[in-house]
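**Q** Chain by chain, the residues:
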Amino acid sequence: MSKKVIRDLRVIGNERIGGSFFMLTLQSEDALPVIMPAQFAEVKINNSVGTFLRRPISIHDVDYDKQTIQLLVKIAGDGTATLAHLREGDLLNVVFPLGNTFALPLSGRVLLVGGGVGVAPLLFTARYMQRFGFRPDILLGYRSKSNILRKEVYEKFGNVFYSTDDGSFGEKGTVMQHSIFNSENFPYTEILACGPEPMMRALAKWALEHKVECEVSLENKMACGIGACLCCVQNTKDGHKCVCTEGPVFNVKQLLW
Amino acid sequence: MVNLNVDINGLKLKNPVLTASGTFGFGLEYADFVDLERLGGFIVKGTTLNPREGNPYPRMAETASGMLNAVGLQNKGVDYFCKENYPQLKDLKTNVLVNVSGSCIEDYVETARRIGELPNIPAIELNISCPNVKEGGMAFGTDPKSAGEVVAAVRKAYGKHLMVKLSPNVTNIVSIAKAVEDAGADSVSLVNTFLGMAIDVRTRRPKLSTITGGMSGPAIKPIAVRMVWQVAHNVKIPVCGLGGIVTAEDAIEFLLAGASCIQVGTANFLYPDATVRVLDGIELYCEKYGVKDISELIGGMKQ
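Just so you know, the sequences run in chain order S and L. Using the working numbering, read the first sequence as starting at 1 and increasing by one per residue. Using the working numbering, read the second sequence as starting at 258 and increasing by one per residue.
It should be emphasised that the hints constitute simulated quantities derived from the structure, not laboratory data. Among the hints, a few may not be true.
Unchecked claim - Here are the simulated lysine-lysine pairs, BS3-like style, with alpha carbons at most 30 angstroms apart:
#1 S/66 - S/44
#2 L/333 - L/464
#3 L/559 - L/493
#4 S/3 - L/347
#5 S/221 - L/464
#6 L/350 - S/3
#7 L/413 - L/435
#8 S/237 - L/333
#9 S/44 - L/464
#10 L/340 - S/3
#11 L/417 - L/402
#12 L/545 - L/269
#13 L/271 - S/3
#14 S/221 - L/333
#15 S/205 - L/464
#16 L/417 - S/74
#17 L/271 - L/347
#18 S/211 - S/172
Please model the complete structure; the sequences and the hints are all you need to start from.
**A** What follows is the structure, given as structure tokens:
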């Protein structure tokens, strides 16, 4: 993994993208370090009384030429609400890139599965795969059509399928109820996923039963982000592992779900 | 040039900035952000005789200007440290201290003895104040008699600098400090975390798997400064101050209260380069106020 940095990044864009979601575009004065899919940033939030620790946020997209990273954020509390009010020109102190990455296969067919704000890291994952000649299929689950995030951008990098809880777009139901998982033939050799824990648990169970390789990106509560405090541990077959450094990506075979 | 050297009862530090155990991993986690050799030293994660898995997740809860943790001394045991961590640390030109914990006196003694065999570990910090383990830990540090017993036993088995980390969860920290001094400690560090708890009002469940945990961060700093001041005026051995230090001003407060050196702890989670920020700030402060030698600040509060 590349060197981690602590940097003040300049906000050059803060766009509301529907509901409680917004997208921050942050520019670095210096060249970006190499960033891998599923890696995240620890963002220092000022002017929020109740927010003491940094907030780990997955890296949604990277542009090395413009020296920008994008964070797709859901307002979940005071900290993220404060970020939603940042203006162009503001500085944000960020520690990045943190964590491991998906074990991207060199052959076979890959299905990316995302739910809710968990779709965020999958865009950069798909963009990264494109550089190596891959075009993954992408299954995204949302509550409703109005919650779908950055539809056209995802569709540039893969064939996108949708499920919505209310059936307003794509197939009705959860991602696990999508016909991809419920037909005779499952054409994919590997699943890479990020989303709410119930979704990932259901996916893990399905993948283990069907003997399909499956990796999930977790988001346990964390403090340091660099493997020092041991707060964010996930219980695995090999004992407690730090989600921040030994994850966020785990093969579901390792998890005790 | 400011002279930042301090001599902690024979333990020579190039400056008074250390790190608090459990907040700095084994040092190398911070190597991308900090030139480790600039520090006076660092104190690695609490080490026990046998490996420990620690407490179940969730182990951390954010609080106003601080955090609670209930990690529970997760570590791979002293033999792993000696075989795997020590070789990576032994050639660093700084002081690497090992925080030693245990659930009974024999464990403390044996762990200290094995660390004592490592030539490039000049000191241990004896942790008699961890609030997150069922047996031992804080139980030793909340009673003068048992604190004295464990320190005396380790003293016999460990010949190098013995720093003892005190718990603030006591009615009279001075009596514990004195007992530890009488038992042969070379220095004391204080404070460890304050026992606290937090409840998720939405689920009505505790935020930590262990219900209670250790509180750290800027919220505890004034209490820690008070305790350092009380202890420093009642014992002869040096005091290492910690508790909520984020900035150089915080560190200098501890020095003025009587600490001879300080530890940066939870701040490492906020700013991975917090230690060097504090160090640079101390140097700037000294230049600005005409302090030629850091010893002028130690216990230098005016009344």
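**Q** Against this structure, judge whether each hint is valid.
**A** Hints, one by one, checked against the model:
1. This hinted pair checks out: residue 66 of chain S and residue 44 of chain S have alpha carbons roughly 22 angstroms apart, not beyond 30 angstroms.
2. For the given pair, residue 333 of chain L sits about 26 angstroms from residue 464 of chain L by alpha-carbon distance, which is consistent with the 30 angstroms threshold.
3. A C-alpha spacing of about 20 angstroms is found between residue 559 of chain L and residue 493 of chain L, which places the hinted pair at or below 30 angstroms, so the restraint holds.
4. A threshold of 30 angstroms between alpha carbons decides the hint, and for residue 3 of chain S with residue 347 of chain L the separation of about 23 angstroms falls inside it, so the pair holds.
5. The hinted pair formed by residue 221 of chain S and residue 464 of chain L meets the criterion: a straight-line CA distance of about 11 angstroms does not exceed 30 angstroms.
6. For the suggested pair residue 350 of chain L and residue 3 of chain S, the alpha carbons sit about 22 angstroms apart, so the restraint of at most 30 angstroms is met.
7. A distance of roughly 18 angstroms separates the Cα atoms of residue 413 of chain L and residue 435 of chain L; the hinted pair therefore holds under the 30 angstroms criterion.
8. Restraint check: the Cα-Cα separation between residue 237 of chain S and residue 333 of chain L comes to about 16 angstroms, which is no more than 30 angstroms; the hinted pair holds.
9. Proposed proximity of residue 44 of chain S and residue 464 of chain L is supported: the alpha carbons are some 22 angstroms apart, at most 30 angstroms.
10. Our distance criterion of 30 angstroms between C-alpha atoms is met by residue 340 of chain L and residue 3 of chain S, whose separation comes to about 26 angstroms.
11. The suggested pairing of residue 417 of chain L with residue 402 of chain L holds, with an alpha-carbon distance near 23 angstroms, which does not exceed 30 angstroms.
12. As the CA atoms of residue 545 of chain L and residue 269 of chain L are separated by approximately 25 angstroms, the hinted pair is consistent with the 30 angstroms bound.
13. Distance check on the hinted pair: residue 271 of chain L and residue 3 of chain S sit about 27 angstroms apart at the alpha-carbon level, within 30 angstroms; holds.
14. For the hint linking residue 221 of chain S to residue 333 of chain L, the alpha-carbon distance of about 22 angstroms falls within 30 angstroms, and the restraint holds.
15. Our distance criterion of 30 angstroms between C-alpha atoms is met by residue 205 of chain S and residue 464 of chain L, whose separation comes to about 28 angstroms.
16. Using a Cα cut-off of 30 angstroms, the hinted pair residue 417 of chain L and residue 74 of chain S is violated, with the two alpha carbons roughly 53 angstroms apart.
17. Simply put, residue 271 of chain L and residue 347 of chain L have alpha-carbon atoms about 17 angstroms apart, close enough for the 30 angstroms limit, and the pair holds.
18. Using a Cα cut-off of 30 angstroms, the hinted pair residue 211 of chain S and residue 172 of chain S holds, with the two alpha carbons roughly 26 angstroms apart.
Against the hints set out earlier in the document, a violation occurs for number 16 only.
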